[in-house]
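Enquirer: Here's the letter readout for the chains.
2 protein chains.
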Amino acid sequence: MRRHNRTALLRRLHVDGPCTRAALATELGLNRSTIKALVDGLASAGVVAERVPAQRSGAGRPSLLVLPQPHAAVVLAIDVRVEQVSMAMVGIGGEILGRHSWNLHRKSREPGEVITHIADSSQLLADELSVDVVGVGVSVPGVVRRADGQVHEAPNLQWTDVPLGKRLAAVLRKPVQVGNDAELGALAEHVRGAARGAADMVYVSADVGVGGGVISGGSPLRGTGGYVGELGHMVIRHDGRQCYCGSQGCWETEVGEPALCRALALPEGSPRGAVVAELRSLAEEPGDPAGVEHRLGDFTYWLSLGLVNVVNMLGPELVVLGDLFASLPTEVVERASATVHQRSLVSRAVGGTRIVISTLGRDAKLIGAAELAFEPVLGTV
Amino acid sequence: MRRHNRTALLRRLHVDGPCTRAALATELGLNRSTIKALVDGLASAGVVAERVPAQRSGAGRPSLLVLPQPHAAVVLAIDVRVEQVSMAMVGIGGEILGRHSWNLHRKSREPGEVITHIADSSQLLADELSVDVVGVGVSVPGVVRRADGQVHEAPNLQWTDVPLGKRLAAVLRKPVQVGNDAELGALAEHVRGAARGAADMVYVSADVGVGGGVISGGSPLRGTGGYVGELGHMVIRHDGRQCYCGSQGCWETEVGEPALCRALALPEGSPRGAVVAELRSLAEEPGDPAGVEHRLGDFTYWLSLGLVNVVNMLGPELVVLGDLFASLPTEVVERASATVHQRSLVSRAVGGTRIVISTLGRDAKLIGAAELAFEPVLGTV
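Protein chains in written order, with full-length UniProt numbering: chain A, 1 to 381; chain E, 1 to 381.
Hints are computed from structural coordinates only; laboratory data are not their basis.
Source: prediction; values computed, not measured.
C-beta: ideal position from N, C-alpha, C; glycine also.
Be aware that one or more of the hints could be misleading.
Sample of chain A residues facing chain E (criterion: CB under 8 Å; computed from the structure) [what the hints assert, rightly or not]:
| id | residue |
| --- | --- |
| 1 | Asp148 |
| 2 | His152 |
| 3 | Asn156 |
| 4 | Arg167 |
| 5 | Gly223 |
| 6 | Leu231 |
| 7 | His238 |
| 8 | Ala349 |
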């Protein structure tokens, strides 16, 4: 029971930040002496610190503010993307203590190369920051078996059947959790981003591919074997382009980065910076909604149809658009919202599903990987 | 604890049927004296009976077989369809003790008429069977708020904002649970049908409309506010027909009963019997797969595309086809399975999602309504 309460208290501080003893007692439904014993125990272990709050409320002795101490438990978060690997050391409370990233090209994208680079760079980063990590979380843009971190298929990386979890655990000698990138984006937005407090939400993001993660009833939605769905591969345009997955007219082929390049009349495979710059220049012509319509009208239509399907199938209160989608002009998001409201009877039933832009931006999957690593750790600190 | 064990034991008998004391002890992880006390308590309350099993296993005194007594707790299950209302009295263990049904036409489909008819008929059926119901479960083909049984929209019934749960509870004076028909079909197939033991499954059925219910991790998947998704309204054919829901090219418009009538060259709105007879005659021409392809090729294509999307989004191990879909020729189901395997990367990842026909047939939603009514009851018997 004491262990259970300790974990609950630590999770509260980790997710929602510093809090007075008095508020902790109220929120967790524990009496003050129990809170005192727990906080004293965590403080003497160096996991939390206490200080007098800057603002006093009411008369009398102020309730002490309890703060998580980031260095008390640090995880290594890794976001493997098609063009880049990012890593961060993240402390309790979610503070990013240090970062490192490197670009990938065709050869360095090979699993063995990526794993070696991760091992070397994480050691350097840990030394530089004088931290010892207690767990590792990894985001991969592919079909991942959660139980053991087996990457079944990560097509844009050209990975097939890579035992990433096992191989990383062998070289890092720490517990390693591997998740699908969109699933981790959803987790991050749910815990720390645009979907805080939303028990039923969907995160949809475009990097090179398009993925989606679902939180249902406050927990991640997974299919059999722990695999998550691949929203990017729903067929949205039956007479559309061939997709590498063996299907045709997948949402990804209509609204992924190559499709966006085509819509913007940029060469497919343009650098991400060029795509984002072009989207910004469109967004910064406020007098020219017709320009947005002219250039992104078709793109917006396919984005909207996919969102109608996501909302009709899952009934979320909120859809968060992440990664490249977060750079779309406001008009596009507004148009998609209007289409969802008009065409989705489920959206109407639930009182109008909101479509919003990610607040974590490009960090969402990295932050989600950190949360994945923290899950088994918080009970043992 | 005793109450908890008693409920677990009763649920075991209700779902899986008669069982020896010895097997109950093993399955529930309880010792024999605890099982004896629980069974004795339930037997003296008339909820279970015991008898010597017909087949003895091994030497020594045989372990007694414990059987649920259906009349000890009876629920009223109601399946409201577009063309018909069915009701059944269902006892613990799932035995159907008696049934009644009546056809609906335009006027008798009005909510007040349906509620009055349900009240009258259920009283007659209860008197005839000498039972007193402890709870009521209702299946409705529409968008339903589970918390209070509010029917937001049941378009094929032409119902909008009907407080069905409250109105039925007022006239029946029993606890009433209302669910979406496809959600209850999924529940029934999961507990008693083709998806027994499958923790991640989807039930898809066609009546006049097309609906889907999802079991994820052993529990029903719901969106915000307790609303379930409407799989039948995913856009599958962007250039397809207008749907009454305000969208276009919904799965329902391509594979619902009217679409099947068009494919079979029957007038839309043909009696269900005529549609099923035509499907049977196709299925009974084993030498003529070309005939099936010729007449149902397009229909099969749209059915398959929708299934690809369902599998890619939800990653189930099993999809159960119910109601009118259960009458489809084997070739159609095989073709759909092949397409899902070929076009769904999630199906390949999870080792091949199976597409099967409902084993409960037309009773699935009625049985699901009974299970819905039993859920809050089993803990209080």
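Enquirer: Does each hint fit the structure? Answer for all of them.
Expert: Now the hints, each set against the structure:
This hint is violated: A/Asp148 has a C-beta 14 Å from the nearest C-beta of chain E, more than the 8 Å allowed. With a cut of 8 Å, the hint placing A/His152 at the interface with chain E holds, because the nearest CB-to-CB distance is about 4 Å. Taking 8 Å as the C-beta cut-off, the interface hint given for A/Asn156 is violated, the closest approach to chain E being about 12 Å. Against a cut-off of 8 Å between C-beta atoms, the interface hint on A/Arg167 is violated, since the closest Cβ of chain E lies about 19 Å away.
Annotation: A/Gly223 was flagged as interfacial toward chain E, and the flag holds, the nearest CB pair being 2 Å apart, inside 8 Å. This hint holds: A/Leu231 has a C-beta 6 Å from the nearest C-beta of chain E, less than the 8 Å allowed. Annotation: A/His238 was flagged as interfacial toward chain E, and the flag holds, the nearest CB pair being 6 Å apart, inside 8 Å. At about 4 Å, the closest approach between the beta carbon of A/Ala349 and any beta carbon in chain E falls short of 8 Å, and the interface hint on this residue holds.
Violated hints for the displayed structure, listed by number in ascending order: 1, 3, 4.
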